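Here the protein sequences come in this chain order: A and B. Residue 18 is where the first sequence starts when you use our numbering, and the numbers rise one by one after that. Residue 30 is where the second sequence starts when you use our numbering, and the numbers rise one by one after that.
Calculated directly from the structure, the hints in this document are not laboratory data. Some clues are possibly wrong.
[To be verified] Only pairs whose alpha carbons sit at most 25 Å apart, straight line, appear in this in silico PhoX-like list of lysine-lysine:
1) 99/B to 192/A
2) 139/A to 99/B
3) 197/A to 89/B
4) 188/A to 100/B
5) 100/B to 40/A
6) 66/B to 139/A
7) 148/A to 69/B
8) 43/B to 139/A
9) 66/B to 58/A
10) 66/B to 148/A
11) 100/B to 197/A
12) 100/B to 139/A
13) 69/B to 186/A
14) 89/B to 139/A
15) 100/B to 192/A
16) 100/B to 148/A
17) 148/A to 126/A
18) 69/B to 139/A
19) 192/A to 38/B
20) 99/B to 197/A
[Unchecked claim] Some but not every residue of chain A turned toward chain B, in silico, with C-beta under 8 Å:
21) 141
22) 172
23) 211
What you are looking at is a predicted structure, and each value in this text was computed from that prediction instead of being measured. Here a beta-carbon is modelled for each residue, glycine too, at the ideal position from N, C-alpha and C.
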Amino acid sequence: MAVILFSRPDHDDIVAYLHYYSKQLIKDAQEHGHTTLNCEKERSNRKELDSLIHKKKPLFIMFNGHGDFNCVCGHKNEVLVETTDTSNILQKTIVYCLSCESILGLGKKCVEEGTVAFIGYKGKFALGKDKRHETTPHKDNTARLFLEPSNLLVTSLIKGNTVQTAVEKCKNKMKETISKLRMSEETIDQDALPFLYYNYAILDYYGDGNATI
Amino acid sequence: MTTQLLQDKDETIKNIVIERLRQMSPNFKIALGDRGKFFKRDDLIKEIEENTSLGHQIIKIQLLYLESLKKGI
Chain A
18 MAVILFSRPD HDDIVAYLHY YSKQLIKDAQ EHGHTTLNCE KERSNRKELD SLIHKKKPLF
78 IMFNGHGDFN CVCGHKNEVL VETTDTSNIL QKTIVYCLSC ESILGLGKKC VEEGTVAFIG
138 YKGKFALGKD KRHETTPHKD NTARLFLEPS NLLVTSLIKG NTVQTAVEKC KNKMKETISK
198 LRMSEETIDQ DALPFLYYNY AILDYYGDGN ATI
Chain B
30 MTTQLLQDKD ETIKNIVIER LRQMSPNFKI ALGDRGKFFK RDDLIKEIEE NTSLGHQIIK
90 IQLLYLESLK KGI
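Next comes chain B alone, as it looks inside the complex (with noise of 0.2 Å):
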């Protein structure tokens, strides 16, 4: 694959977990080592957007249970 390509599928799949956090609870927040801070819905979007370390660690985590969908646990 190109590199153009790759970058192209990582960017569809950074859109994809965008939009499904767009349909998350505004009262759902999620803290996930940030030291003592939780997260709400629209703090995770700007996180992945700003390719920030914990914006990666969501798309992973997002993919993981994807994943898990297709696999069963």
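Here chain A stands alone, though its shape is the one from the complex (with noise of 0.2 Å):
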């Protein structure tokens, strides 16, 4: 069984719907007999990071939190890994990002230099949600629709899957929902339909996509 290190910060309105969305995810790689480390809250940051990797040497690394074409950060946007790191601490480790936009520089630099996989958004991560629903994010079904397709994408890996079918499994789930939301009469559905085709077309790879952890 694998470790793997979920990055979770929680400073501000988005990350804080990742931060909800993904406890489940700890709980489920648990159950699959996988060891996971918790970077959650003030414990996403760059120094805490390179530790766990240096001493527990994760396969597999998901970040949740604000991004860029060059990096991925954690707690109150510090940058936890970058472009212009002269090592690549994400050597050997499979690697998701929910974030904007860092497969496309940070991700194919990583794949370069040893990363197994990476895993991320060719453009900002569109995030809806119902403002009935700000301080009940367990009730709000908006943000469910984006953050479920992610969701699946982890579970998938932990249970076994390769990543290309991880990846496949999270774009047929966006699209039966996309499906499901085109014949809705709610306006809040109609409005997400866009958001959710746009990150359906985003979501990509780089590297070994027959890798599991």
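Using the hints, build the complex out of the two chains.
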């Protein structure tokens, strides 16, 4: 069984949603016999991440957080990993970045320097929500539409599926959701559709599609 | 196509997207990478009207979706 590291900042409205929805993934990983490392809130910082990676050598790392072409961030947007790093701390790992654009620069460079596979979004990840449930994210069916496919991707990897299969399962879930919502008479569902389709279009991976954790 | 025609086309697309956004539920909010912020319907319209990068991104997303209706997914 593998060691899995989750980076889960919680310092603003957006990452708070990612933090909430990824809680279940830690349970799922543990139920499948994996060892989990939970870098959440203030612990989602560079020092902690470096230390855990060197000591525990996780095979899979999920980053929630903000990012851009060159980096992925943690608590209060501290840069955790960036393209200008002299050594690749993500070597020999499978990475999933639930953040904006990181796959394009950071992902590409990491894979060139020994990361097994890097899954992410080739654009700014869109996250919708229903403002009537701002204080009760577990009741927010709109946010769920955006984050459930992402969770499915991670649980697929946790269950031993390959990177390529996990990405395909996630995309299929997105397609299924889009098809269902097209029939919905709820305005808020129709509002979400273009953004869900966009997330579907920008999800991708670099590296070994046959890799598993 | 002349420059004027291209400008007219862009303006037409912009207006179509704004009209689509006007139909949005006031309860829907969207975050698009902007650090920590969710946008309401009126914020999105303002971004498009002011030709910001977020406004351009919203137009691209709406057009991508409209194309998918024609092509299928």
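*Which numbered hints are broken by the structure, listed smallest first?*
5, 13, 16, 17, 19, 22
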